[in-house]
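There are 2 protein chains.
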Amino acid sequence: MNLEVCFTPHQLPLYVVENSIVVVIDILRATSSICVGFAYGIDKIYPVESVQECVNLIQKYGYIGAAERNGEKLPGFVLGNSPFDYMNPILAGKIIALTTTNGTRAIQTAQKQKAKKIVIGAFTNQGALIEWLVEQKEDILFLCAGWKDRFNLEDTLFAGSMVHELKKYGYTSESDTVYASELLYVQAQNHIQAFLKESSHAKRLSHLNIQRDIEFCLQKSLADVIPAYENGYLYNLKLPQPIQASLKSYADL
Amino acid sequence: MNLEVCFTPHQLPLYVVENSIVVVIDILRATSSICVGFAYGIDKIYPVESVQECVNLIQKYGYIGAAERNGEKLPGFVLGNSPFDYMNPILAGKIIALTTTNGTRAIQTAQKQKAKKIVIGAFTNQGALIEWLVEQKEDILFLCAGWKDRFNLEDTLFAGSMVHELKKYGYTSESDTVYASELLYVQAQNHIQAFLKESSHAKRLSHLNIQRDIEFCLQKSLADVIPAYENGYLYNLKLPQPIQASLKSYADL
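Chains as they are written, first to last, in my numbering: chain A, 508 to 760; chain B, 508 to 760.
Chain A on its own, in the form it takes in the complex (with noise of 0.2 Å):
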């Protein structure tokens, strides 16, 4: 069983993901933010690539919209990309139609590539994501959603984290961005948010006031989901699970 990492999107096509689950990963915020979504109960959420496919299926099936680019929520949707967003229980088996700048563009690529399998990563749903992904005994590829094509340091910290626990359960790799990310996360891990202060994703999204929602992001495994892409819409792998106490206790925050 084999691990790769992939940090971003536009290096995609110079790997072979056929036979591999993708586990794409957008830590600020998108699919910290899916996976609260679904913990939250949501039914499926359509990712799309432009604001006016966004626009057309509220309009045609009356999907909730959601919406951001540059790390602000779109004028006119119901919601943004804030994981406390996501924490609202009239969400609870509702369709969602979401674009984002980077995490919608993840997943629509290693869909063109014909991964095997889509799943959504984040540190909100590590520890199930571990779980599943040990079961599943494939080849896996962390596919990081970047910054607009380029590196980011908070999904390389994640597929880091990842590589470091699948380790545990016998996968291998001879890949540097493998190798990389590892020490990346251990030279972090005790530290992820002062480490993360220097990052260029976070000093980005300084201005916009979301520390709140970078601390969230953060946290491991609050949420007990495993979204998966088919058919165009994320479905939650996982029958519906209460919402987490520990998820309750953070949307008092």
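Accuracy of the hints is not assured; some may be wrong.
All copies of an identical chain are treated as equivalent in the list; a pair is satisfied when it fits inside any one copy or across any two copies.
[Said to hold, decoys possible] In silico lysine to aspartate or glutamate, DMTMM-like type, Cα no more than 25 Å apart, as pairs:
no., residue 1, residue 2
1, Lys-601, Glu-579
2, Lys-655, Glu-705
3, Lys-675, Asp-731
4, Lys-704, Asp-646
Worth flagging that the hints you see were computed from the coordinates, not collected in a lab.
Mind docking chain B on chain A? Use the hints.
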């Protein structure tokens, strides 16, 4: 003065380099060997992408041929990619036609994107390079040659070591590749060779018995040269220097 690190030539189109000095890095072994060659008094090196172009230059102008693919010297060529090939006094004043798996490709990519200036970097010329870069007072992009368009560790570590040094001279950056490169270098700096043992390239080359090459390529500042690219060839920006004593002793290894 801004620093940037680009992990592979494949990603260079995402960066604007028209106002930057691009430092091309291919530690194992092209740029390390190029620096050695200029320390031994080579006049010019024509880096070309294809073996055929290399053959054409040899036949038309009588240049000395140097060709490597997948770590091995191609049959029929005088020189390969090993720094020890270039430690030969008969190369003084000569012109070389060179093609390697990754290094020459990186130079061509930087050229196509109209870099303000292209120079060659390696541990072997690090001291001279830092001194020269600091004098220029320009933005700098470190272009890692990588391995077949993917990230590799040894080029990134060298970029990180340059970032670590240049920050002392007032250079800044808000890029995650710069941050990650420096973090990796700081973690590795006291045991780079052991650190690289786990890297993909070192494993890939291990069957070629080039351990001596790797040890050599990680030695700092042996060659007091700045190879620069202009009009299709590399030349030494510094006046020809006497061969370094440190190189001489290494040649005896």
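Hint check results:
no. : hint                 : verdict
1   : Lys-601 with Glu-579 : within (23 Å within a copy, 59 Å between copies)
2   : Lys-655 with Glu-705 : within (18 Å within a copy, 30 Å between copies)
3   : Lys-675 with Asp-731 : within (21 Å within a copy, 46 Å between copies)
4   : Lys-704 with Asp-646 : between (33 Å within a copy, 24 Å between copies)
Of the hints listed earlier, there is not a single one the structure fails to meet.
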